[in-house]
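Line order of the protein sequences matches chains A and B. Residue numbers for the first sequence follow our numbering, beginning at 1 and rising by one. Residue numbers for the second sequence follow our numbering, beginning at 1 and rising by one.
Be careful, since some hints might not be right.
[What the hints assert, rightly or not] Short derived list, chain B residues pointing at chain A, Cβ under 7 Å:
id : residue
1  : Lys236
2  : Pro306
3  : His335
4  : Tyr336
5  : Leu356
6  : Ala365
7  : Ala369
8  : Leu370
9  : Leu374
10 : Gly376
11 : Gln384
Derived from the structure by calculation, the hints contain no laboratory data. None of the values given here were measured: they were computed from a predicted structure. We put the beta carbon where it would ideally sit given N, CA and C, even for glycine.
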Amino acid sequence: MKNPLEIFGKLFDGLEEKSKGKKVMAATVDAFDTFLRTPKTRTSGSVHLRDALDSKRMMSTVILALAPVALFSIWNTGFQKLSALQNVPGALKSGCALLGTEPTFLNCVLHGLWQFIPIMAVTYAVGLGIEFVVAAVRGHEVNEGFLVSGMLIPLTLPPDIPLWMVAVGTAFGVVFGKEVFGGTGMNFLNPALTTRAFIFFSYPGAISGDTVWKAVDATKDAVVDGFSGATPLAIAAATPAGQSPVAALEQAGFTLKSMFLGVMPGSMGETSVLLCLVGAAILIATGVASARIMVSAAAGVLVTGGLLNLFAGDASPAYWHLPAYWHLVMGGFAFGAVFMATDPVSAAATGVGKIVYGFMIGLLVVVIRVLNPAFPEGTMLAILLMNVFAPLIDHFVVQANVRRRLRRAQ
Amino acid sequence: MGAFQVKKGFDVPLEGEAPRTLRDLPASPFAAFNTDEFAFTKWRLLVQEGDKVQVGTPLASAKHDENILVVSPVAGSVHQIVRGDRRKLLSVVLKNDGSGDAVDFGAWDMAKIGSAGRDALVAHIQKGGLWPLLKQRPFGKLADPAKAPKALFVNGMETAPLGADQEFLLADRADEFSLGLQALLEIVPTVHLCVRQGCTLGALSQAQGVNIHTFAGPHPAGLPGTHINMISPINKGETVWTITAYQVSLIGEFLKTGKVPERQIVAIAGSAAKERGYFRATRGAQISNLVGSALPENVRAIAGTPLFGTAKGSDECIGMRDASLCLIPESTERHYLMSDEHWAGAGFRSFSTWRLFASALCCRAKKWALDTALHGGRRAIIQQDVYERFSPLDVPLTTLVKAIPSGDIERLEQLGLYELEPEDVALCTFACPSKVDVAEEIRKGLALLEKEA
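Next comes chain A alone, as it looks inside the complex (with noise of 0.2 Å):
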């Protein structure tokens, strides 16, 4: 026996044996059968090779493209919430006073665990029990899509968010995200994104792109002040006219450099530009994602924010100066353009459809943040809005197609 796992191979070929028949119990055991070991199946029809990739894998792949953020996010959560009590002693008394409150390396990671991991359980349990019960009503092989979306909805959201409503965004975003239209592979939306979204709208007043968090509990923990502090996009929107936007971020203590690097508060896997940049690295040389899509999104960006610095006068609002390029290690855009615009399934698939969908959607992040006085943060509205537009921007590339074929003919 070359691999110890063999010997639940036997096992699976019982229940297997016994599922016959059963959807319910079929799709569970194959569910796990094929997380085990490579399927059976042969190829059939004319077609008698396949390549080794699969959706397992494909999804994994994602997840390791994600790892670098959530590593860093992890350590970055505890390192803010250790940053903000230090000058506090005794604030901590939630659960994790057992832990060290020296920000250490060690303790900024185990106060991250604390906070990231309850959000990543409730949010897998959530999603693949709503995943593998629908597989078996369908009759169909359980979807990985939720290995993804599992992954990325904790690093939307902010540590201190009640896990009830991770639980209950969590199975909107599958239910009304997905599995209503057919599962992974049939939405139009991307779930993760619906989840947030979900939240957002649902309970803004624990999410919202205003102040900060630092998962510091205010009702159990002594009440700090000062702790939650602005956003650098509300900064940059209250700005008064006439001052300079980057003077209003830097006092505060938001540099390009120390944004792009992402240490400090936010959603937890929004904050770092540059590991961002090292998934995107990834998901492009892999070839898992488009780099069209990421770069059309920073173009639109670029372009918009040029734009409003070049109209923007003296009375103008301040945020109309604050220079373009800023606004790409801003907020959660880095994070929104590589990991939730290039969605495959959400994204517009066509190639001059991935260039206007990944524009538009750098074009409506800066216009929301801008011009909106409404919502700080435009990311995760501008991706949703595209979503719902890239079959229709795919339907015009697809028509120009048909349209040549039509006057070939004449």
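Got chain A sorted already, so can you dock chain B onto it with the hints?
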């Protein structure tokens, strides 16, 4: 007259290419005419079990056109008539007595071809049973002699992995090829001959009276579907015919000798083949005759190539249009977590067109003995641009594949379904991570379209 560079595509580096040696195989004890080779055609049987046949005796005629015949490639008797559901004719199996007793149809030379006129020429080729070598698009049906096609595409190249090299097949058959080509030129005035860029075989590169186009690049650069799409795409209402250069030479051989060719060259290839090479074999020969023994266990014999072909058992027979037989290992092993070939493994031994496996870094150049594993479960299409990445055709494949279940004929036509044949998108089936059989979807779509048309 064009030089085309195909950019999108992929050459699957398969182990076990046939060496360029030509040998004779002993005559096959059995041979067959399989109806599955001719899509959308119903046949009227002209023989019964036990009937004596000569080489050239008609076996069946097409129901829609009784002049289109399939004739016996061997002399002997009708061994078995195999029928399927609702008595549908599946195959006519012939027992070969080895006498080679042949019907004489009379030899035709260049002068006679030039003077006989189109109708007489068509009738002559039909009597010899070689007309079914011509394929008509859309749908890949038998060519309809009553309707002049826009053009005839003669394919003088092969890019499919382990496919038979057309240039090698034609090496000693320049006369037959040019005679056949002249005959076809009498029938279809516009002939496009597509050859490999850098082709030096005089029979192809100096062929007279035809438009010669060169193609370079990865598979499917050598498929007629690619050639048609790039040279002169099919519009609604138009038809084109296709044939391979070697099949043209078979027609030429028939004209030259007046006898139906008894033999055809078959390339035997694949990592599971013991004896590889090019062989002069009985037309429609049994697989066990071609392989030299019964098929070993866990080996799949494929008439055609592993990328597009028909799986055959030992007793079944190769098709009249097939130029190669490939033997590849069946997938038998399941790979466990923590092993290299598991989906979560490093993947040094996993072949992929994607850069998601370690093999992409180190082992792209080597040849692979791929087996028949599906490597995953069937999913909805997730990566929405894979098919376009692997197809040089100007057809929105993903949209088309998704539209087929809708059954909206008009939309499917608009999207260009009638320009395709399943073979054209075999590479998309190969590369799809969701394991969607694109070729099969296209086949279903075409069946739908044909029914309505």
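Evaluation of the provided hints:
1. For Lys236 (chain B), the shortest C-beta to C-beta distance to chain A is roughly 6 Å, which falls under 7 Å, so the interface hint holds.
2. At its closest, the beta carbon of Pro306 (chain B) sits 5 Å from a beta carbon of chain A; the interface hint therefore holds under the 7 Å criterion.
3. The criterion of a C-beta within 7 Å of any C-beta in chain A is met by His335 (chain B), whose closest approach is roughly 5 Å, and the hint holds.
4. Hint on Tyr336 (chain B) holds. Least Cβ distance to chain A is approximately 4 Å, under the 7 Å limit.
5. At a threshold of 7 Å, the smallest CB-CB gap from Leu356 (chain B) to chain A is about 5 Å, leaving the interface hint in force.
6. Taking 7 Å as the C-beta contact cut-off toward chain A, the hint placing Ala365 (chain B) at the interface is violated, the least distance being around 17 Å.
7. The beta carbon of Ala369 (chain B) is not positioned within 7 Å of any beta carbon in chain A (closest approach about 11 Å), and the interface hint is therefore violated.
8. Annotation: Leu370 (chain B) was flagged as interfacial toward chain A, and the flag holds, the nearest CB pair being 5 Å apart, inside 7 Å.
9. A cut of 7 Å between beta carbons decides the hint on Leu374 (chain B): the least distance to chain A is about 4 Å, and the hint holds.
10. Among the interface hints, the one on Gly376 (chain B) holds; its C-beta lies about 2 Å from the nearest C-beta in chain A, closer than the 7 Å criterion.
11. Interface restraint check for Gln384 (chain B): the shortest CB-CB distance to chain A comes to about 3 Å, inside 7 Å, so the restraint holds.
Consistency note: the structure conflicts with the earlier hints numbered 6, 7.
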